[in-house]
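Trainee: Sequence:
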Amino acid sequence: MKSKLSIAALCCFVSVICLCYGQERKADIPVVIDTKKDYGQGKSRICLSYPGIEDTLIVYPYIRVDFEYPLSDVSKPILVKSVILMVLDMYTKEMDPLKTLFYFDHKGNEKLWDLFDAKVAVWYRNQPYEDIAARPDDISIFCSPRIYLVPEK
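Each residue of the sequence shown is one higher than the one before, starting from 54 at the first, in this note's numbering.
Simulated from the structure, these hints should not be mistaken for laboratory data.
Computed from a predicted structure; not experimentally measured.
Warning: the hint list may mix true and false statements.
What the hints assert, rightly or not - Using C-beta positions, here's what the derived DEER-type ranges look like:
no. : residue 1 : residue 2 : range
1   : LYS160    : PRO83     : 26 to 32 Å
2   : VAL140    : ASP191    : 16 to 22 Å
3   : VAL127    : GLU107    : 45 to 51 Å
4   : ASP149    : GLU121    : 38 to 44 Å
Unchecked claim - Pairs of lysine to aspartate or glutamate residues, derived as EDC-like cross-links and limited to a Cα-Cα distance of at most 16 Å, are as follows:
no. : residue 1 : residue 2
5   : LYS134    : GLU121
6   : LYS129    : ASP191
7   : LYS129    : ASP119
8   : LYS129    : ASP184
9   : LYS160    : ASP142
10  : LYS160    : ASP170
11  : LYS206    : GLU107
12  : LYS146    : ASP108
13  : LYS134    : ASP191
14  : LYS129    : GLU183
15  : LYS206    : ASP108
16  : LYS146    : GLU107
17  : LYS152    : GLU163
18  : LYS89     : GLU183
19  : LYS134    : ASP119
20  : LYS89     : ASP184
21  : LYS172    : ASP81
22  : LYS152    : ASP108
23  : LYS90     : ASP184
24  : LYS164    : GLU205
25  : LYS90     : GLU183
26  : LYS152    : ASP142
27  : LYS129    : ASP190
We treat Cβ as the ideally placed atom computed from N, Cα and C, and that holds for glycine.
The task is simple: from the sequences and hints, build the whole structure.
Mentor: Listed below in structure tokens is the structure:
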């Protein structure tokens with residue numbers, strides 16, 4: 054009897070901890086969407102280090118985020134169905150076009166593609182979409198944050 058009670062108490066404790074802290078946004082995930090409170094304010098600079106480059110590059114990843122329901126439907130929960138990295142546009146610091154990588158053709162640049170694919174998947178699955186500045190009627194949004202790729206030290 055005592056062991057069942059102890060197990061039940063432990064389960065309740067773990068559940069409370071998960072509910073209280075499991076929903077908190079991670080501090081290392083940048084807000085990359087325009088929210089109501091910071092609309093037009095500009096975003097903080099996002100930098101990623103990458104080996105093998107000698108100078109800073111500016112990268113614009115083009116991302117499609119699909120939702121279970123349209124963001125305009127406030128009666129439904131916001132559930133991210135998929136995050137798809139479609140294109141990486143790379144520029145020099147002076148904004149001279151350097152290279153464009155596509156979802157279906159990024160041979161020779163798999164490591165760079167995989168880095169961005171992993172980062173944007175985590176970032177866009179964990180955005181505060183309930184505070185988004187504009188709620189489209191579609192189930193998809195398209196985003197393109199500016200990311201600085203800096204040489205690894």
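Trainee: Cβ-Cβ distance between VAL127 and GLU107: within 45 to 51 Å?
Mentor: At roughly 48 Å between Cβ atoms, GLU107 and VAL127 fall inside 45 to 51 Å, so the hint holds.
Trainee: Tell me if the straight-line CA distance from LYS152 to ASP108 falls inside 16 Å.
Mentor: holds (15 Å)
Trainee: With the threshold set at 16 Å, check whether the alpha-carbon distance from LYS206 to GLU107 stays at or below it.
Mentor: At roughly 10 Å apart (the allowed maximum being 16 Å), GLU107 and LYS206 satisfy the hint.
Trainee: For a C-alpha distance cap of 16 Å, please report whether LYS160 and ASP142 respect it.
Mentor: holds (15 Å)
Trainee: Would the pair LYS152 and GLU163 pass a check requiring their Cα atoms to be no farther apart than 16 Å?
Mentor: holds (14 Å)
Trainee: Could you grab the alpha-carbon distance between LYS129 and GLU183 and see if it respects the 16 Å cut-off?
Mentor: At roughly 11 Å apart (the allowed maximum being 16 Å), GLU183 and LYS129 satisfy the hint.
Trainee: Hint says 16 to 22 Å; check whether the CB-CB distance for VAL140 and ASP191 agrees.
Mentor: holds (19 Å)
Trainee: Next pair to validate is LYS89 with GLU183; report whether the Cα-Cα distance is within 16 Å.
Mentor: holds (10 Å)
Trainee: Given the hint that LYS129 pairs with ASP119, does the C-alpha gap stay at or below 16 Å?
Mentor: holds (15 Å)
Trainee: Below or equal to 16 Å on CA atoms is what counts here, so check LYS129 against ASP190.
Mentor: holds (13 Å)
Trainee: Lying within 38 to 44 Å: is that true of the beta-carbon distance ASP149 to GLU121?
Mentor: Between ASP149 and GLU121, where Cβ atoms are some 40 Å apart, the hint holds.
Trainee: Can the restraint linking LYS146 and GLU107 be considered satisfied, given a maximum Cα separation of 16 Å?
Mentor: This hinted pair holds, its Cα atoms lying about 12 Å apart.
Figure legend: structure checked against the earlier numbered hints; every hint is met.
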